[in-house]
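Engineer: Chain residues, written in single-letter form:
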Amino acid sequence: MNFDFSDDQKQLRDEARRFLTEKCPPKAVREVIDGKATYDRELWKGLADMGFLGVAIPEAFGGSGAGHLELCVIAEEMGRALAPVPFSSTVYLAAEALMLAGSDAQKQKWLPAIASGAAVGTLALFEGSGNPSPGAIKLTASNGTLNGIKKPVPDGAVADFAIVAARTASTGRETDISLFLVDLTSEGVEAKALTNIDPSRGQAEISFKNVKAELLGPANEGWSILTRVLDRAAVLIAFEQVGGADRALEMGRDYALDRIAFGRQIGSFQAVKHMLADMYVSATLARSNCYYGAWALSTNASELPEAAAAARISATQAFQHCAKNNIQVHGGMGFTWEFDCHLYYRRSNALALGLGSLSYWEDALIDRMRQRNAAA
Amino acid sequence: MNFDDTPQEAAFRAEARAWIDANAPKELEAELSKPSAKRASENRDGMIDVAKAWQKKKADAGWACLHWPKDYGGRGSTPIERVIWQQEEGVYDKLSRPFAIGQGMCGPTVMAYADEEQKRKYLPPLASGETIWCQLFSEPAGGSDVAGLRTRAEKDGDDWIVNGQKIWTSGAHYSDFGILITRTDANVPKHKGLTMFFLDMKSPGVEVKPIKQANGMQEFNEVFFTNVRIPDSQRLGAVGDGWNVSLTTLMNERMSIGARLSTGFPELFEFCSNLMLEDGLAIDDRSVRSKLASWAVKNSGLKYTSYRSISALSKGDRPGPENSIGKLVSGSMLQDIAMFAADLQGASGALTDGDADTAGQFQAMILQSPSMRIAGGTDEILRNIIAERVLGLPGDIRVDKDVPFNKIPTKGR
Amino acid sequence: MNFDDTPQEAAFRAEAKAWIAANAPKQYEDELKKASLGRIQLRSANILEVAKAWQKKKADAGWAVPHWPKDYGGRRASPIERVIWQQEEGVFGKLGALFIIGHGMCGPTMMAYAAEDQKRHYLPPLASGENIWCQLFSEPAGGSDVAGLRTRAEKDGADWVINGQKIWTSGAHYSDYGILITRTDPTVPKHKGLTMFFLDMKSPGVEVKPIKQANGQAEFNEVYFTDVRIPDAQRLGAVGDGWNVSLTTLMNERMAIGANVATGFPELFEFCNNLMLEDGLAIDDRAVRSKLASWAVRASGLKYTSFRAISALSRGERPGPENSIGKLVAGAMLQDVATYALDLQGAAGVLSGPDDAEAAGKFQAMLLRSPATRVEGGTDEILRNIIAERVLGLPGDIRVDKDVPFNKIPTKGR
Ligand SMILES: Cc1cc2nc3c(=O)[nH]c(=O)nc-3n(C[C@H](O)[C@H](O)[C@H](O)COP(=O)(O)OP(=O)(O)OC[C@H]3O[C@@H](n4cnc5c(N)ncnc54)[C@H](O)[C@@H]3O)c2cc1C
Ligand SMILES: Cc1cc2nc3c(=O)[nH]c(=O)nc-3n(C[C@H](O)[C@H](O)[C@H](O)COP(=O)(O)OP(=O)(O)OC[C@H]3O[C@@H](n4cnc5c(N)ncnc54)[C@H](O)[C@@H]3O)c2cc1C
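Residue numbers (our numbering), protein chains in the order written: chain A, 1 to 376; chain B, 1 to 413; chain C, 1 to 414.
Treat the hints as calculated values from the structure; they're not laboratory data.
Check before you lean on any hint, since a few could be wrong.
The list that follows gives simulated cross-link-like pairs (lysine-lysine, BS3-like), each with its CA atoms no further than 30 Å apart [unchecked claim]:
id	chain 1	residue 1	chain 2	residue 2
1	C	34	C	70
2	B	315	A	10
3	C	94	C	70
4	C	212	A	27
5	C	209	A	27
6	C	94	C	26
7	C	408	B	407
8	A	23	C	212
Predicted model only: the values in this text are computed from it and were never measured.
Pulled out of the complex, with its shape left as it was, chain A reads as follows (with noise of 0.2 Å):
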């Protein structure tokens, strides 16, 4: 059994460490929070340059084809990092639809475009309030032309192109859903960034008001592309909250470290020695399954659906746990703007919701583990 990166991906993670720690301190998330740039497009064009962007990309569409364990390592980082960029919306969910479903034309188009960081992609699934699932879907397509609102949009207001799902027929089912792929700056595209409890992300409304667009894979089997994209997404993100989650865990310890009170380390507090060792419980529960989650990614196992939710579900946890618990171990310094704890419990709150709440995935983990067991 080797269920561990390997040193080459532990080399690179050390690598993203390192060069996020530079590129991507605590003031570089502050610039974004603060509304002084929308995202930080320094740092994304050092990520391309890293090669971070193309990382599971082929080489024959401008990636370095290393792989989804690559991507899982980075993005660990990317989440410790809490970094100020419309990474997961391009990468996660705009190149893997691409990868999954796109033409040749469709990928030579835009896979090296993100690969070099000349374009930002978001996929526009959601429309209002409520969870993946076809009967939301009202935008509707006809004849290649979109008509309808999304919202929220991942990085919306600042993405270049959309793979959007539309509605191209009214039976019922699953298959009344296709997925288009947008240029946003066509005719008829209108964003309008929303704020969001989380500012160092984007979120955006976009309407389509006879907008062309082109499909991206077959007509009307939008729905199960985009069940894969969102498995997908649900691994490399829960490596997101799971960088997330270890940071703010080691937030807590070393404040517990420094802060005195009543003439000693509040770590020596059993309230709060406890407190963190239950973070760091959820912590390892999390980090164990999303790493089966890489695996079944990597080797496009059956048991993908599964691992995805499990690790999904586990990282949600765990970063929420970690980061609220972040700001009491800090007590009146964790409310305050000025630390960083409260930038890591946005980010916590806002990817547990990113891909659909931790309800929808707890109803798909089961019913997941139900078809798994009745199909052995």
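Place chains B and C with the ligands on chain A using the hints.
Structural biologist: Showing chains B and C with the ligands alone in chain A's frame:
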């Protein structure tokens, strides 16, 4: 990243599988597969004899305590081979329970501290299950605080004379030997006046009284010592060095990687997959699903955490600290799951004999689970260990550290 | 056992109800109902002005701080009448948030320790909201460990000269006065060298710097003292007795905060009653119900616990320790409830703008404010210690700082 065996591992696995296939007591497979059939240690229906027979058969073929040196009854296997063996042994592993303390804790301690002649004499029959050993550490005055123990050992010629009482000693009632920690000097700080021995449980003056547990079973005991003589040659480690010796034992207790701690989840999942509620299967109910999902990811988290440790072993590395979470997570999970399963059964959840399909397994789990959160280190002690050894937080402020033992307060309010 | 008012109580309630019906600022009722946690803001008016106006109106009619003596701006209402008033005031009570610290903590401390003429001078405008007071206790070196504070007060003639820094002072930026705890002797054990004062926040040398909070608002401040002179006449309690004086304040604080803590449950219940999920109303979903039910019994448990305290008050007895669970239960619950409300919204739960988010972003604001509830006025951990020690009689933590001169206590970790 993969789950494949190396060629050597695969060869070892094939050999183990073939041998088990040819030799395991298949007639017990069905019974052992039931979660309720776990308690060979209670010696119901002569389970001990069955366990001993299987252990002996393994020993004769070189499959007992396989990570031990050959001279002491093992086969000199690598840690990863040991894990592979456990995986292959599967349900028959449940028959090893009566030997777990002896082989997991007493054996390694004897191996580290006894002299060569003793090791050759005592370890092979321990490996083969011909003798059973117990661990005489906890006392009424100290369980978490083992070093608070009061059983006295006084030197008399070449012997030591032991007086006092141990408690919670699992399996003492069917054990042949035990390792025993005693206080040999009460005038020095508590951790400094301790000395470790091993002894024959049939020595005159040893009296074992079973304790009836909260769940009605009897697996642990009180053990009283009245002028019990132990030869000095049976001392393990130096006089006054008992605390360090005991750490060897306790470390081995917590280290057993791959030891599958039961969480109750597979049982619950199966139960919910079949249970009809008023408006459908339990597993189709959203509120049931949400709970199941949270436990599912803990269960898989533990499983893959142990895979990570196994992978480290497979590479010849030392596993990281991640394995320390196992008992802490599974203990309270077992309890929560058992309570939820009983809840799903409604008012009949209170019945312990139930109908055939679940046969009271969750009720037994409810009653058994509190001990999981205590035995071998309480939840609180485990959190301390994670906080201190893994996260590097300071230890508790101690009032008992540099004080002579006989000056330490002993009673609550 | 019954929930009925006694005849006197019923009469008092009727009177209060009638006055409120005739006088409350009804135009803000809707906005106040919707207002989430944290500093309340009104779209149409300045909250500080509206709050002050309402308080003044109440004071003129004798309804401000009803349980205070008449001479100090109250009406000497019984404890139970005070509770009845709160029940009747309802959402308009939210306007009192600005005065909670002054009325709930500073006032009682003044009442216990100031001279008679000072009480007559300072308390009525505090009651009527003309003056706002703040509490200057926490410091960078000590929040939970208030007694670890380092702000120095040195005697100089009939004055004291103050140098140092306070932090987390809620409302200091709009306060007129404050009560201030200082260290007057660092050579004795920490609890023994403290002295309490009250001061005019406009005294020369007081500098207030707002702190931006994690949720983006600025309710609390740093307050710096540079050679601030306070007349000895403004000392509260004896020199060196500040710790005991502060206990009066803190005891009142926990009573004040424990009384009507928000749990988020009513808001969540209402939200689930109206939210359409894919296959029906949220409230009809079994998973939602299971969560709601366990929060419902916590919310009702807190409510009836406070009713038990009210009943004790109504009989003229001291309430038992049961009220001490309030903030501990409510703080964590608020956070969980908010997290769950966002979860129910799915991906759109991240949106926080009032126009884009469900329920006008109420739950997003609650999520971002809730960590503070678990810290302010005693952290969860300190509250558990208090319950364990004062209610259950367990021993206190082992202290390394108790009988040591203050200037010999370690101050920095690793
Ligand atoms: C089924 C079972 C089998 C056992 N088998 C054996 C055996 O074979 N041999 C043997 O020697 N012992 C055995 N034990 C004993 C076991 O090791 C002790 O019960 C355990 O270590 C707890 O000690 P105690 O019972 O004295 O509880 P205590 O140590 O008195 O603990 C009481 C409570 O106080 C808490 N506590 C104590 N110290 C601290 C601290 N420093 N910080 C925070 N909390 C603390 C504990 O967590 C617990 O909640 C067995 C126990 C059980 C339940
Ligand atoms: C919104 C808000 C408003 C406030 N308003 C005011 C105000 O108006 N006036 C004022 O004076 N103060 C005010 N405070 C300060 C508040 O009282 C302190 O923040 C609080 O007491 C905690 O102190 P601290 O921030 O120094 O944290 P610390 O005391 O450093 O605590 C850090 C962590 O250590 C833990 N800890 C500390 N000691 C122990 C112990 N003995 N046992 C176990 N765990 C322990 C804590 O629980 C916490 O998790 C306010 C705080 C907030 C958040």
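Engineer: List, from low to high, the hint numbers that the structure doesn't satisfy.
Structural biologist: Number 1 only.
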